[in-house]
Amino acid sequence: MSDILPFPGTGSTADGGEAAARIVAKLSRLIDLGEDDRALIAALPFRVEQVPAGRHLIREGQVAPDCCILVRGYACRHKLTADGARQIVSFHLRGDILDIQHLLLERADHNVQAISASTIAWVPRQRLEQLAWSRPAIGKALWRDCLIDASIFREWVLNVGRRDGKSRIAHMLCEFAARCRAAGLGDGNCFDLPMTQEQIGDATGLTSVHVNRMLKTLRDEGAISRSGRQVTISDWAKLQRIADFDSHYLHAAA
Amino acid sequence: MVAVARYYFHLHECGTIIPDEDGVEIEDPADIREHALREARGVMAAEVVQGTLCLGCCLEIYDENKRLVLTLPFKDAVILAGI
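Residue numbers (this note's numbering), protein chains in the order written: chain A, 1 to 254; chain B, 1 to 83.
Hints are computed from structural coordinates only; laboratory data are not their basis. Source: prediction; values computed, not measured. A virtual CB, placed ideally from N, CA and C, is assigned to each residue, including glycine. Hints are supplied without guarantee of correctness; some may be wrong.
[As the list claims (entries may be wrong)] Beyond 12 angstroms from chain B on every Cβ pair, some chain A residues (computed):
no., residue
1, Ser28
2, Asp36
3, Asp37
[Said to hold, decoys possible] Distance condition first, Cα-Cα at most 27 angstroms in a straight line; then the derived DSSO-like pairs of lysine-lysine:
no., chain 1, residue 1, chain 2, residue 2
4, A, Lys79, B, Lys75
5, B, Lys66, A, Lys216
6, A, Lys216, A, Lys238
Put together the whole structure using the sequences plus the hints.
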């Protein structure tokens with residue numbers, strides 16, 4: 001495992017404003033941020049980078065001197081077995097801090113990968129850490145974000161460990177729809193699903209043919225409809241029932 | 001950089017075809033059968049958990065030029081004993 005960031009810097013500060021707006025929007029869902037806190041976040045030195053789909057942003061074992069914020073696009077965190085089998089442990093969308101743990105843990109214990117062409121903003125970890133200690137509201141918001149991440153991981157363990165294939169996929173769709181809506185992407189009923197069947201399979205512990213079959217079953221049962229990458233939840237109550245989905249674990253903020 | 005070939009795993013379920021529109025990248029064509037076995041066994045395992053198993057289904061694997069490269073009947077994906 002390399003300690004060197006695996007990509008050439010293509011950063012500029014041109015989109016720093018958008019990066020600041022995204023992280024402020026995200027943290028404001030977690031806590032009531034004052035004007036001075038918002039201004040301090042906006043003044044962080046964001047290094048903005050465009051990355052293609054599939055690019056690894058962080059690799060397990062790497063020392064991470066910067067924290068990375070997803071400004072546009074979609075990403076996942078994943079871990080690999082020794083023989084290369086991948087388990088995706090979370091999906092992320094705009095505004096998410098992809099590696100908040102690196103404020104306090106120096107070395108990455110998992111991989112972070114873009115799953116679509118994405119805009120990333122890097123912030124020196126020490127600068128964000130300083131804000132977390134000196135501004136209690138910002139510190140609390142980041143702490144809440146970590147706790148909600150952990151809550152989502154717990155729900156995913158339940159999903160992969162104890163639900164059948166159809167429920168796992170339905171659950172992943174319910175969660176993604178709820179999080180898209182919170183991030184201002186779609187109305188909660190209709191959203192872009194950027195993951196391939198293979199990625200959905202890696203997130204739910206299923207093979208991609210099985211995922212395809214379960215998506216078809218959900219369509220046939222009238223729970224969802226699909227047009228290309230766009231998914232429409234035709235019957236929320238039905239999908240939620242199939243999924244065993246109760247959004248309380250998202251704490252209304254993720 | 002050499003482009004990795006993409007293969008499409010269409011599922012034939014005794015009259016119903018579930019086409020694979022995403023496909024999967026497989027670097028070495030020698031790995032296609034192994035991949036197909038994992039896919040077939042994944043579907044079959046979930047069926048067994050639900051209490052049914054159809055051995056009449058199959059996977060058809062096509063390359064990017066829509067050429068059939070492999071057919072894998074489910075009955076050939078497992079060793080059956082004791083029946």
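Please list, smallest to largest, the hint numbers that this structure does not respect. Result: hint 4 breaks, nothing else.
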